[in-house]
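Using the sequences and the hints given, assemble the complete structure.
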Amino acid sequence: MGNCCCCGFWGLDTDVELTYLPEPVAPADWQGEGAPWLKEKKQGPKGSWEPFAGNIPEKTNVSWSRPCNAPAEVAYSCFIRDHADGGKFMTIKKGVEGTSLFPGMLDGAVVAFENLNYELVSASKDHPMNFTYRVFKTEVPAFNGLTAVISFIPEPNDAEKCSMVFNGKFDNNAPCAVLSFVTCNIVLGPIVKVAEKEWKDKSYAKHYEGPPIDSAKATMK
16 MGNCCCCGFW GLDTDVELTY LPEPVAPADW QGEGAPWLKE KKQGPKGSWE PFAGNIPEKT
76 NVSWSRPCNA PAEVAYSCFI RDHADGGKFM TIKKGVEGTS LFPGMLDGAV VAFENLNYEL
136 VSASKDHPMN FTYRVFKTEV PAFNGLTAVI SFIPEPNDAE KCSMVFNGKF DNNAPCAVLS
196 FVTCNIVLGP IVKVAEKEWK DKSYAKHYEG PPIDSAKATM K
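Going by the numbering used here, the sequence shown opens with residue 16, and the numbers climb by one from there.
Misleading hints may appear alongside valid ones.
To be verified - Computed cross-link-like contacts, BS3-like style, restricted to lysine-lysine with a CA-CA straight-line distance of at most 30 Å:
hint, residue 1, residue 2
1, K103, K140
2, K215, K140
3, K109, K152
4, K221, K140
5, K152, K140
6, K74, K221
7, K176, K208
8, K215, K176
9, K221, K109
10, K74, K212
11, K176, K103
12, K152, K108
The set of hints was computed from the structure by calculation and includes no laboratory data.
So, in structure tokens, the structure goes:
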């Protein structure tokens with residue numbers, strides 16, 4: 016299926032345009048023995064690995080937003096939590112130290128999301144709660160490849176609220192509306208409920224490694 020227009024589902028669509036962070040230089044030891052993507056990827060210029068899975072469109076074709084009754088820093092911290100601590104990500108390569116305000120997710124990190132997607136992560140101190148990722152191997156039949164950004168944007172007038180915003184460029188096999196609904200309601204979006212609960216009972220603190228709460232600006236998306 017070719018490119019399609021940006022499609023929300025049941026009012027979830029958003030016109031917020033997020034910043035896709037640039038592709039980081041891939042770790043030097045990506046070619047390590049046993050890497051699951053070895054048979055499919057070839058090393059490109061300057062250490063990057065090309066191509067990523069699928070034929071990625073130039074423009075966002077799936078976007079949505081979900082409100083969250085927790086600070087953006089708390090929600091982002093819950094989202095990037097490692098599988099060993101009950102999160103969805105397994106870190107394969109850690110990334111470059113000092114490239115993020117959240118040491119749990121660094122620029123150039125290689126992660127596995129629920130053993131479904133293998134992803135190369137971009138992170139930046141200038142966009143502290145921006146999670147940009149490029150899928151280089153996927154087990155999900157609904158799409159062939161994906162470049163996406165997830166950002167947690169603080170509410171300007173309420174530091175204890177934020178919005179989880181998703182922009183994605185899918186090489187899709189399923190309709191964009193279906194991908195929007197599934198990612199928002201089943202795969203990614205439910206993290207807001209986790210963040211809200213942990214903010215309310217303060218249980219987030221035992222895992223939190225990031226800047227002081229409410230330090231990031233709403234413009235950093």
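Consistency of the hints with the structure:
For the suggested pair K103 and K140, the alpha carbons sit about 23 Å apart, so the restraint of at most 30 Å is met. Proposed proximity of K215 and K140 is supported: the alpha carbons are some 27 Å apart, at most 30 Å. Between K109 and K152, the direct Cα distance comes to roughly 18 Å. Compliance with the 30 Å bound is thereby established for this hinted pair. A C-alpha spacing of about 23 Å is found between K221 and K140, which places the hinted pair at or below 30 Å, so the restraint holds.
Distance hint between K152 and K140 is fulfilled; the C-alpha atoms sit about 27 Å from each other, no more than 30 Å. Note on K74 and K221: the hinted pairing is violated, with a Cα-Cα distance of about 39 Å set against a maximum of 30 Å. For the given pair, K176 sits about 12 Å from K208 by alpha-carbon distance, which is consistent with the 30 Å threshold. Only pairs whose Cα atoms come within 30 Å are accepted, and K215 paired with K176 is accepted, the gap being roughly 12 Å.
For the hint pairing K221 with K109, the CA-to-CA distance comes to about 21 Å; that is within 30 Å, so the pair holds. A hinted pair counts as satisfied when its Cα atoms are at most 30 Å apart, and K74 with K212 does not qualify at roughly 35 Å. Proximity of K176 to K103 is assessed by CA-CA distance (about 23 Å); at most 30 Å being required, the pair is judged to hold. Between K152 and K108, the direct Cα distance comes to roughly 15 Å. Compliance with the 30 Å bound is thereby established for this hinted pair.
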